[in-house]
Amino acid sequence: MAEHEMPELPKILSDRMKLVRRDVGVLLFHFTRALENERVKEDYGEITKSCSAFRVLSNILEEGRLKGTSKWTYGDNCVCFTEAPITEFHSIFSLVSIAASKKERPRYEPYGIAVSKKWLFLRGGRPVIYDHPSAFNKYPEELRYRFVPYDPLSGIDYTWEREWRIKTDYLSLDPHNTLVIVPTADEAFQITYDFSDIEADWDVEGSQGEAYIAGTYHQARWLSVSLDIFGFSHLSKDI
Numbered sequence: 204m205a206e207h208e209m210p211e212l213p214k215i216l217s218d219r220m221k222l223v224r225r226d227v228g229v230l231l232f233h234f235t236r237a238l239e240n241e242r243v244k245e246d247y248g249e250i251t252k253s254c255s256a257f258r259v260l261s262n263i264l265e266e267g268r269l270k271g272t273s274k275w276t277y278g279d280n281c282v283c284f285t286e287a288p289i290t291e292f293h294s295i296f297s298l299v300s301i302a303a304s305k306k307e308r309p310r311y312e313p314y315g316i317a318v319s320k321k322w323l324f325l326r327g328g329r330p331v332i333y334d335h336p337s338a339f340n341k342y343p344e345e346l347r348y349r350f351v352p353y354d355p356l357s358g359i360d361y362t363w364e365r366e367w368r369i370k371t372d373y374l375s376l377d378p379h380n381t382l383v384i385v386p387t388a389d390e391a392f393q394i395t396y397d398f399s400d401i402e403a404d405w406d407v408e409g410s411q412g413e414a415y416i417a418g419t420y421h422q423a424r425w426l427s428v429s430l431d432i433f434g435f436s437h438l439s440k441d442i
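If you read the sequence shown in our numbering, its first letter stands for residue 204, the second for the next number, and so on.
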């Protein structure tokens, strides 16, 4: 890459900007929604049914991965994220309460996962490129999956999504680098408990140092946080 002059930005100033700017964060969020007449996994195999956003999220955690789609990406399977801070999406999700119909509701519900920007960037994730629809054919093939049409004169404006994409059929999630997002503390507890492993609690006694199982405990696989800590309220899930 040819050298290109950039404005000087000392690290201490960069760190302080991230602290004071409400629109800049270190996490990327992938939210899901309820599905109608979709193939979903149950204990006895795959069936066609409608399921809640909570059930969709549970299926993601069971598989430990996100599935890519080409619906909005010009032929390449991608997994999409937003870099908008969770406090701002709190405001977007609140639109559900004033929507008169499904068409007036946000596309997603407050169920999903978060990963760090650094984690996704290392795996090839990048911010999308917002540009006029007529510019698409000027982009090289390897960049077109990142293209999102933008024409405010015609009312085409998705910049509020602050989108990132990674080109992949499936993105495997690392529980140590993934935060599960749900609306309520009860759901956060259920995710943590339901997806935990049962571990033996060993103890040692006697002069021979003989070990025995004193009991068992749950070792959580996924770390979950609820949006109600931000003052968000939501109807209870319908599994």
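Don't read these hints as lab results, they were simulated from the structure.
Among the hints, a few may not be true.
[To be verified] Restraint-style ranges between C-beta atoms, simulated for each label pair: (1) V223 <-> H293: 30 to 36 Å; (2) S217 <-> Q422: 21 to 27 Å; (3) G267 <-> D218: 17 to 23 Å; (4) E206 <-> Q422: 46 to 52 Å; (5) L426 <-> T290: 15 to 21 Å; (6) P210 <-> K274: 36 to 42 Å; (7) D377 <-> L356: 41 to 47 Å; (8) D389 <-> P210: 44 to 50 Å; (9) I432 <-> G267: 35 to 41 Å.
The C-beta atom is built at its ideal place from N, Cα and C for all residues, glycine as well.
Practice item. Look at the Cβ atoms of S217 and Q422 and judge whether their distance stays inside 21 to 27 Å. Key: violated (37 Å)
Review point. Quick one: are V223 and H293 within 30 to 36 Å, going by C-beta?
Key: violated (19 Å)
Practice item. Could you tell me whether the CB distance from P210 to K274 stays inside 36 to 42 Å? Key: holds (38 Å)
Practice item. Could you tell me whether the CB distance from G267 to D218 stays inside 17 to 23 Å? Key: violated (33 Å)
**Study point:** E206 versus Q422 beta-carbon gap, inside 46 to 52 Å or not
**Key:** Between E206 and Q422, where Cβ atoms are some 50 Å apart, the hint holds.
Review point. Is it true that L426 and T290 lie within 15 to 21 Å of each other by Cβ?
Key: Holds, at about 19 Å.
Review point. Falls inside 35 to 41 Å, the C-beta gap from I432 to G267?
Key: Violated - the Cβ-Cβ distance for I432 and G267, about 26 Å, lies outside 35 to 41 Å.
**Study point:** Consistency of beta-carbon spacing, L356 to D377, with hint 41 to 47 Å
**Key:** holds (43 Å)
Check your understanding: Should the hint that D389 and P210 are 44 to 50 Å apart at their CB atoms be regarded as holding?
Key -> Because 48 Å falls inside the window, the suggested range holds.
Taken one by one, the earlier hints fail for this structure at numbers 1, 2, 3, 9, listed in ascending order.
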